[in-house]
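K.L.:
Okay, here's what each chain looks like letter by letter:
Protein chains: 2
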Amino acid sequence: MARFTLPGETGMEEKIKELVELWGVDAIRDSDGTTLSDELMNLGLNVYSTLCLVRMDNEWIMKHPQYRQQMYLMSERVTADEETVRINIMETIYAEQFEPNDDVDINKYWQVVDRTCNEIIVNWTYEKETTEVIIQNAKRFHQYDVVFLAYQKWEPVSMYNHITNKWTSEHKIPIDVRHKEAGDHILEILEDWLTNHPKTDVVRFTTFFYCFDLIYNQYGKEKQVNWFGYAACVSPLALTGFQEEYGYELFPDDLADNRMYNTPFKNPTKKYLDWMDFNQRFVAEFAKKCVDLVHKHNKKAIMFLGDHWAGTEPYGKYFEMIGLDAVVGAAGDGVTTRMIADIPIKETEARFYPYFFPDIFREGGEPVKESLNVWSKCRRAIIQKPMERMGYGGYLSLACMFPDFIDHVKDVAEQFRFIYDSSDGRGSEKTGIKVAVLNSWGKIKTWQTHQVAHSLWNQRCYSYLGAMEIMAGLPIEVEFISFDDIRKNGIREDIDLILNAGDAGTAWSGAENWIDAGILETIRSWVYAGGGFIGIGEPTAYPNEGKLFMLEDVLGVQKEIGLTASCNKPNREEHLEAHFITKDVNTTVDYGEGMSMIYQASPSATVLDVAKRSCSLVVNEYGKGRSMYMAGCPFNDDNARILFRSILWATHNENLEGKWITDNIHVECNYFNGIAVLNNNSDFAQTVKVEGKVYEVDPYGLKVLE
Amino acid sequence: MARFTLPGETGMEEKIKELVELWGVDAIRDSDGTTLSDELMNLGLNVYSTLCLVRMDNEWIMKHPQYRQQMYLMSERVTADEETVRINIMETIYAEQFEPNDDVDINKYWQVVDRTCNEIIVNWTYEKETTEVIIQNAKRFHQYDVVFLAYQKWEPVSMYNHITNKWTSEHKIPIDVRHKEAGDHILEILEDWLTNHPKTDVVRFTTFFYCFDLIYNQYGKEKQVNWFGYAACVSPLALTGFQEEYGYELFPDDLADNRMYNTPFKNPTKKYLDWMDFNQRFVAEFAKKCVDLVHKHNKKAIMFLGDHWAGTEPYGKYFEMIGLDAVVGAAGDGVTTRMIADIPIKETEARFYPYFFPDIFREGGEPVKESLNVWSKCRRAIIQKPMERMGYGGYLSLACMFPDFIDHVKDVAEQFRFIYDSSDGRGSEKTGIKVAVLNSWGKIKTWQTHQVAHSLWNQRCYSYLGAMEIMAGLPIEVEFISFDDIRKNGIREDIDLILNAGDAGTAWSGAENWIDAGILETIRSWVYAGGGFIGIGEPTAYPNEGKLFMLEDVLGVQKEIGLTASCNKPNREEHLEAHFITKDVNTTVDYGEGMSMIYQASPSATVLDVAKRSCSLVVNEYGKGRSMYMAGCPFNDDNARILFRSILWATHNENLEGKWITDNIHVECNYFNGIAVLNNNSDFAQTVKVEGKVYEVDPYGLKVLE
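Protein chains in written order, with the numbering used here: chain A, 443 to 1148; chain B, 443 to 1148.
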């Protein structure tokens, strides 16, 4: 029993007592929008209290508006059709969220740019009433835009919940703790709070300061989201501090970055890496002060990973110094589950989807179905990497309207505890294979690649994120390495396979890293000596002399980008070839967005499948090494098999097939202390043969073989 | 009658006399593989004799092998897995076609390159017996290749025909007339020939010297083809001459160009433009000598446009100085028809497909069907731009085995003459709209864009070439302009619409021309003032600061290339919107290869169609101007309507709809001296209403309304 944190709710006392037994609850927590009554606090459960320091004192911040958080925003690009151009900088920005900061010297802290010839404009004025920047003597038919500093008037996560749940309470304003007076004030109110909440056992910080980039548009809808961004840590104070420390100045364009806000999809610039480091150190140091205060009051300090990311970086250099006791995070799929589970800390907790919110817990809603879909993915992940605790969020009263959901959670909790306890917290045995996901970021983006936020579906992402989702639940070790890692240390001995996936030009594929001769040499020689390589989409891609894939010799394929159309390529029939990696596939392979005009480039390659006249599944032998190319790998049971089999094949581990691969693509087999455990990832009952015996596994069932 | 050139064949005398009447033949010609008997020469027809100077004297060239034509070839890239790398330079080259030229100083004229770090290698040796280049002290896992000079042992067009028709005659060797002794010899044999052929009225030169790039691989199959290339004009003599004249040296890499051989799909380099000019002048001057000789003998000199292209450039600066009387060319579709028809010369002749060759004229072959498919496209073109003459090629004896084909040709010839005569050679009236196809080459590539050869189907081309094919048969003026034209002269008054189509990074789209501020200014201001703009595929594209389409404000759309995935884009339903340009379309639009992740970028744009979640048909208003974006435009009757309507709409000529657009997408209406003429482009009978009256038009029929 135990390992379960329940979202409490005043008024639900009797029901909660039942659930404590039924679900095996050992902790209770409040959350945004709910409180805990004294009765709930006195049930003998651990009491978790949610604290969001950054929006904790609205009265104070209203008196000190200069300490509101700030960020650089950008206007739209406006084409000059006359010599005078007026740009309403707030035209596509949510005025409830942001307000231009013209308290500063705007000639220094704002920037007006002619984007047609990349020239910074010096002569312009700002009209506060209309929020317009006016450029005189503009060049006709050049495009102009404005990068401007803006105060955040509404803390964006609070804003999100407010809008989603139609709250009418006051707008919480985020406080920038880098300002000494603000930081001291926050520490003071934290100390007061701790003193006044003796019943709280665990302080659950809603991450710490500075929200990830979340910008709403003029209609109050999401305009831009980057779960991993540092765009919201800006202030003149921070910029000045940065310049003093790093010896150079950051300009508005460096941070607003042409509306890209240094998205992790781009190879990071040196400046941006410095900026991240600068903020990470500040956040870690300040968070440590908070955690130390909590510990001083004999409480535990845990962090919810999800909103105020910037600076905390659980896979970064400064995370451990914060001194947290645990991390809890929202587990929406296998990838986000692993992102939390793999954090180097002694305890992690999954907050499973769905939230008990009225979007799903409404008449006609199907919360059990929603949950099974999420749980089946998260379960794959925790089978490989168990977590210490689980929980849910939202309004318990809503969940209680669905008795089948209450039963379902009992089942989830039992499976969750079984996985942890029967594997002694270690999860399944492993194949011994280690896969390194190679991208421009490496370790710091562990399980954070190929997504804009919360593993949300995105047309440019799902064909790659699927591969991560698959690997999150395979009995392999997965780590994330960067090109710099290879430059510094070569490829470590324990790595068996390198996987590179993404669109050409992105940080996930690697962009200009692929014309570094050293990188090419190292990877080629490593594969040649027996290493495995998997490329998905546009791997090893950088357009160079008419070619795109720089490791076409390793991959055996190349992509026609329009410059070598004069070179003949063989016509290909659409036909799935038999091979170790396609053995379980009886259907058309789903490559997601897929690719066009991929052609065989090495005679040694074997084309296993062609889609839309383009080679979509290809294996190659390179020296003693092997490679697999796939045009895209969205998550489904077929692709899970193809990818797992490819990993076995490319690492010369075909002999592991018998132990690890069942005869039913929907059922996976893992081993806890020698005992085989079957998980059915489908919503149908499945039969599967293991060591000659046939078993039936319930829909989404977990079956332990004795 | 007349306007018809018949391919004669000894032994077919009686049949030919019949056909002279039936088809209205006024000229007879020999061709590769056929001769004309005295009887045929004396039928009172004009006698055309085919001369291919470049392969005219095999005996002589075998005695002077140093004057064989040469070109730069490239080996494959070889990855060094040891310190010694051996590269068989002929590994993937057809040994019957080429032989390495190591008579020259190979250290000067060959080049060995480390492509991994782009370094020229100095220490290497060549082993003649194995045709291997040996590199010592190679860097392990770098890739190496060799650019080497090679003699052409077999003239490639002769080779093509030889292989296709399984000829067993001797291999014709091409003579490089730039060598004075060779050139003088050719002029001598030409003079002799002219003296000895008094019955010849017209000398039909098979273009002139230097074949377009046609390289066969080790299996005797086509490896690389570029109909418009200058890769085959290379010799130490030419390179030396070039250096003397231009003051700089061309290196092997400049011409072999990393296996791309300066394909026109690339933006041309200054060096390559110089090289083209250098060869154009030589070819024009030498061809003029030949033409002058022909004229001296009171014969006409015409050129067949099709094989030995390099240097002749009918839309180039030097073409007119050659002094030809006519050009004849292979008309395989509307685009190639217009390429010939539009040449600035007083007479052009179409040689229609199919050739009377055994590939089609065989038992079970359907030559009429083949011909109708070609003819219906060519007819659209000549309705707009009539040609003076027509003809066929190949073995007449084969054609005569198909009586229905004989009847069909009668019909074609009558339509051909009708189109010319009833329009006084001017073709249809026009709408008055002029479309400029903007690309990096401009006029010199008139009707030569978006193709590798002969309008052959190519996966990277057909989605763009379709738009050219459509325009070849529309009642509009089409010209081809370059970015340099705009830089020098702005956009001329008479241009109503600019069309830009192609893959990003290619010369057809324009590549880096799109970050020239002057170009952007000029086009934006011109559209804003009322101009029309059509973009297909990846127009105005150059990746810059996370954006791809540089004129997103004009087009109203942008393409997500993976760096701005964090910015939200609206989800789109697949639904064809009603609009002037989609009025005739009742089916799913075929965008060919299409695009992915095109999203609306301007609020003023209207998305008319979405395919694969990507905006595929979009119109926009920009000032007084209008634009249309289409994801791809393969040739079919639906797309012909969409494109024609888009041209009318974008140029504010919707009022022309009534006159020019019929109520049946398969039937077009044109006007010869005020008389309406309907052409049915389908193989079914079609009914169509014109000015209130309903007409039936036969399958592929041409119907004149009185």
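Careful: at least some of the hints might be erroneous.
[What the hints assert, rightly or not] Lysine-lysine pairs mimicking DSBU-like chemistry, simulated, CA-CA at most 30 Å apart:
#1 K550/B with K505/B
#2 K713/A with K759/A
#3 K581/A with K581/B
#4 K581/B with K1066/A
#5 K1011/B with K1054/A
#6 K1054/A with K663/B
#7 K1011/A with K505/B
#8 K550/B with K665/A
Source of the hints: derived by calculation from the structure; they are not laboratory data.
K.L.:
Hint by hint, note whether the structure agrees.
P.N.:
Status of the hints after comparison with the structure:
no. : hint                 : in the structure
1   : K550/B with K505/B   : 26 Å, holds
2   : K713/A with K759/A   : 18 Å, holds
3   : K581/A with K581/B   : 52 Å, violated
4   : K581/B with K1066/A  : 19 Å, holds
5   : K1011/B with K1054/A : 26 Å, holds
6   : K1054/A with K663/B  : 24 Å, holds
7   : K1011/A with K505/B  : 38 Å, violated
8   : K550/B with K665/A   : 59 Å, violated
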